[in-house]
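Top line first, the protein sequences correspond to chains A and B. By our numbering, the letter at position 9 of the first sequence is numbered 9, and the numbering carries on one by one without gaps. By our numbering, the letter at position 252 of the second sequence is numbered 252, and the numbering carries on one by one without gaps.
Possibly wrong hints are sitting among the right ones.
Any copy will do: because identical chains look the same in the list, a pair fits if it lies in one copy or spans two.
[To be verified] With a Cα cut of at most 27 Å, we get these calculated DSSO-like pairs of lysine-lysine:
id, residue 1, residue 2
1, K144, K357
2, K340, K144
3, K74, K144
4, K223, K295
5, K295, K224
6, K74, K300
7, K224, K74
8, K340, K300
9, K300, K224
10, K340, K395
11, K395, K144
12, K357, K395
No wet-lab data here; the hints were simulated from the structure. Just so it is clear, the structure is predicted and the values come from calculations on it, not from any experiment.
Protein chains: 2
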Amino acid sequence: MTEWNERPGRIRRAPENFLGPAEIEAVKQGRRDFLRKAFLSASAALGAGAGAAALAQTAPAGDPAILNLPEWSKTLGMPVATRGYGMPSQYEAGLIRRQSPGLTQTAASSVAFTPLQGMFGIITPSGLHFERHHQGWHDIDPSKHRLMINGLVRTPMVFTMEDLLRLPPVSRIHFIECGANTGMEWGNVAVPTVQYTHGMLSCSEYTGVRLIDLLEMCGADLKKGRYLLAEGADGSSLTRTIPMELVESGEVLLAYGQNGEMLRPENGYPLRLVVPGVQGVSWVKWLRRVEVGDKPWGTKDEAVHYIDLMPDGIHRQYTSLQEAKSVITSPSGGQILLDKGYYNITGLAWSGRGKIKRVDVSTDGGINWRPARLETPILSKALTRFNIDWVWDGKPAILQSRCVDESGYVQPTYGQLRAVRGTRSIYHNNAIQSWLVNEAGEVSNVQVL
Amino acid sequence: MTEWNERPGRIRRAPENFLGPAEIEAVKQGRRDFLRKAFLSASAALGAGAGAAALAQTAPAGDPAILNLPEWSKTLGMPVATRGYGMPSQYEAGLIRRQSPGLTQTAASSVAFTPLQGMFGIITPSGLHFERHHQGWHDIDPSKHRLMINGLVRTPMVFTMEDLLRLPPVSRIHFIECGANTGMEWGNVAVPTVQYTHGMLSCSEYTGVRLIDLLEMCGADLKKGRYLLAEGADGSSLTRTIPMELVESGEVLLAYGQNGEMLRPENGYPLRLVVPGVQGVSWVKWLRRVEVGDKPWGTKDEAVHYIDLMPDGIHRQYTSLQEAKSVITSPSGGQILLDKGYYNITGLAWSGRGKIKRVDVSTDGGINWRPARLETPILSKALTRFNIDWVWDGKPAILQSRCVDESGYVQPTYGQLRAVRGTRSIYHNNAIQSWLVNEAGEVSNVQVL
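Isolated chain A (complex conformation):
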């Protein structure tokens, strides 16, 4: 019916990422013991100095060489700069961003999700950064791109990219999450994998100019001008209102750099607004204009879309802050635990309010909780990676993570969230995610209130 059911191997990674098709098939048919046997035989005690024999296990069958080494240990490899710009291994071709089948009417106004289930650490490689466009993406010629600042300013100005690149820059690591991330899960379980439940989430090191510095150059009236309009140069002319206090904090950037190089076209090249802690729609891509004004604009994408339908039928507007949220990325939906025994549970936590203070993990559906180990650095409004040990006894288990941020905010259960917000919303779902591990080791998406 759906892409992920037809081709399950594609979205499965750890722990079975390196199994071949025959082994995957064996797992699907319930034969999960072969791996343990293989592991035990491979790691059986070897006499010291048995290196050649042990390494020979890696050689293709029938190789006549005495040392039986693999091809890559006996041949000249490829030269440097084979690719001036490098790419992942051919064996990682399944780890890509994917469009959710049937989610949108047209692929130019759609989403491509980041494959969180197979990723490590906190930095999202730009090639796997999620995409969300309103009218498709363009590869804009930077020499023709301009940024105008107008409205309640003494001197409206137009900047070239070169002007912006000469100004004092800052570099900061921040997450970006679409306000609609996990949006299909409000009422019921809708999608099977973490790529589709939480994959509108990425984290990068951004470099650019502080917007407040440019506003000062233009003589912005910060007393009357308490709002900004940010406008994109793509066909949708996407426009969003930004409260001036966010800009005054110095956190809002006009970014051109992402993870050491220029932004990618799909992420706003050559210029995008970075609004740390705020939903992705406000991080206007292909930014061409910033207008200073004295009230919110009420544009289409803040009056009709990106609003929260509450149980009483009234909409919440301008709810842009992304509250504290976390998710276990492995084991996660669509993966299979091949055997009882030790597993590392890993995931991500983040908060639009600042730093993550702690993450607790439950393996029994929320009855008992243990604190996870947080990897460093723990940065404000950035992803934080957590890890925790778990020994699976082969019985059904429900895996959950719950984070707390430095403001003291605790990530809610679905029961707590729905008591306030109902089930008809699209945006700002930050509830605790649950993954069921059944006796066959299959992991699936479930909801626990």
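Got chain A sorted already, so can you dock chain B onto it with the hints?
Leaving out everything else, chain B in the frame of chain A:
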């Protein structure tokens, strides 16, 4: 004569990255005033609400549309997931790693340098990570790769990649620098750009298993076994001795992850040793074996290569720590300052001993120094980005950076370094780099003692 002389535009980025060929030509012929004029006319005061007219400047000449908007503001863009794995803009095609012409006899045993002159922040995108191979690179099938641990251990073991991926991981951001970085500059100015003087330098977020954890699993004899041998699976079987105290610190990793995804083939996929603070040759790629022993091995790549020839003709061996070092990446050699006025000076600092404490910048060849602004996070054994304002008065200037690490070590001048180490070494040159800006705004590599 060399690639960089024939095609200067290629290695020039900020501030003239976005100039077209005609403008570059004008600069080369000494006409550097057109840009100022262009800037002043573009940023002249505009009446409020003049947005459409201002934006119309970005449209191609002769466009009949009333609003005269560029193509990307009037058309449907490309769909999401056009590329499951994204790539840089077509306008950034010049920012690639490059082999140094004539440096080595064969490209399989050579270097491709990271283009530091056009990069931002501290994270190196994996596609631009420098390369240094001894017998070329392979894209190893991870299902066939094995790691053996043997020697002074109770139980020698062989691990599959899946075994390693199931163990508790850590994620950490660290720089890697080849011991031979800046090696051609010991005696005299050898290469014109920062890509070739300092481009064997990158910084990534690594994820993997702590080696000490695996050694404990194997029952390593840490009393007698004070050294490790790390061996790669490529044709060169590159082997390096690692002191056990580095491993006992918990810092040495068996890494499979880099910047959120699996390592790249050119950087050791599927497994490399990460030895923070230590020269790159010890970060053995395609790692297949770790042996515990009671003395250094004295392998070819530590007895004959990667040694420091001292003035008295004696070699220093096992000098693997990368001492504190910094470099200005822009303005840097090969770039042109197009006009007098404000510039942001930016660069990188790092130390194998820990965190960077401060970076000072001189624009007069080392007479006066001002402290630079350090971007956060400042992490141990990672790159630190610095920025500082500078107004160029059009007269010759010599730009230098000098860093101090948390141990108190101060980066030396060439005079100080040579007084101890002479001029005949290849490795571990961490002297202060100088860039001369002449009256035409051309930046070139010079040495100041």
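Subject >> Alpha-carbon proximity between K144 and K357, which holds within one copy, between copies, both or neither at 27 Å >> reply: Intra 44 Å, inter 41 Å, cutoff 27 Å: neither.
Subject >> Up to 27 Å CA-CA - K295 versus K223, copy category >> reply: This pair counts as within: shortest intra-copy Cα distance 12 Å, inter-copy 71 Å.
Original post:
How do K340 and K144 come out at 27 Å by Cα distance, when the copy is not named: within, between, both, or neither?
Top reply: For K340 and K144, only the inter-copy Cα distance (24 Å) is at most 27 Å; the intra-copy one is 59 Å.
**OP:** First find the shortest C-alpha distance between K300 and K224 inside one copy, then the shortest across copies, and answer within, between, both or neither for a cut-off of 27 Å.
**Re:** within (24 Å within a copy, 71 Å between copies)
**OP:** Go through the copies and call it for K224 and K74: within, between, both or neither, with a Cα cutoff of 27 Å.
**Re:** neither (72 Å within a copy, 33 Å between copies)
**OP:** If the cutoff is 27 Å on CA atoms, where do K357 and K395 land: within, between, both or neither? Let me know, please.
**Re:** neither (31 Å within a copy, 52 Å between copies)
Original post:
Between K340 and K395, at a C-alpha cutoff of 27 Å, which is it: within one copy, between copies, both, or neither?
Top reply: within (9 Å within a copy, 72 Å between copies)
**OP:** Pop the pair K340 and K300 into one bin, within, between, both or neither, using alpha-carbon distances up to 27 Å.
**Re:** Neither: 52 Å inside a copy, 45 Å across copies.
Subject >> Within, between, both or neither, where K295 and K224 count as close if Cα-Cα is 27 Å or less >> reply: Answer is within: at 9 Å inside a copy they meet the 27 Å cutoff, but 73 Å across does not.
**OP:** Please work out whether the CA atoms of K74 and K300 approach to 27 Å or closer within one copy, between two copies, in both situations, or in neither?
**Re:** between (63 Å within a copy, 18 Å between copies)
Subject >> 27 Å Cα threshold - placement of K144 relative to K74 >> reply: between (51 Å within a copy, 15 Å between copies)
**OP:** Give the relationship of K395 and K144 under a CA distance limit of 27 Å: within one copy only, between copies only, both, or neither.
**Re:** neither (61 Å within a copy, 32 Å between copies)
Going through the hint list in order, the structure does not satisfy hints 1, 7, 8, 11 and 12.
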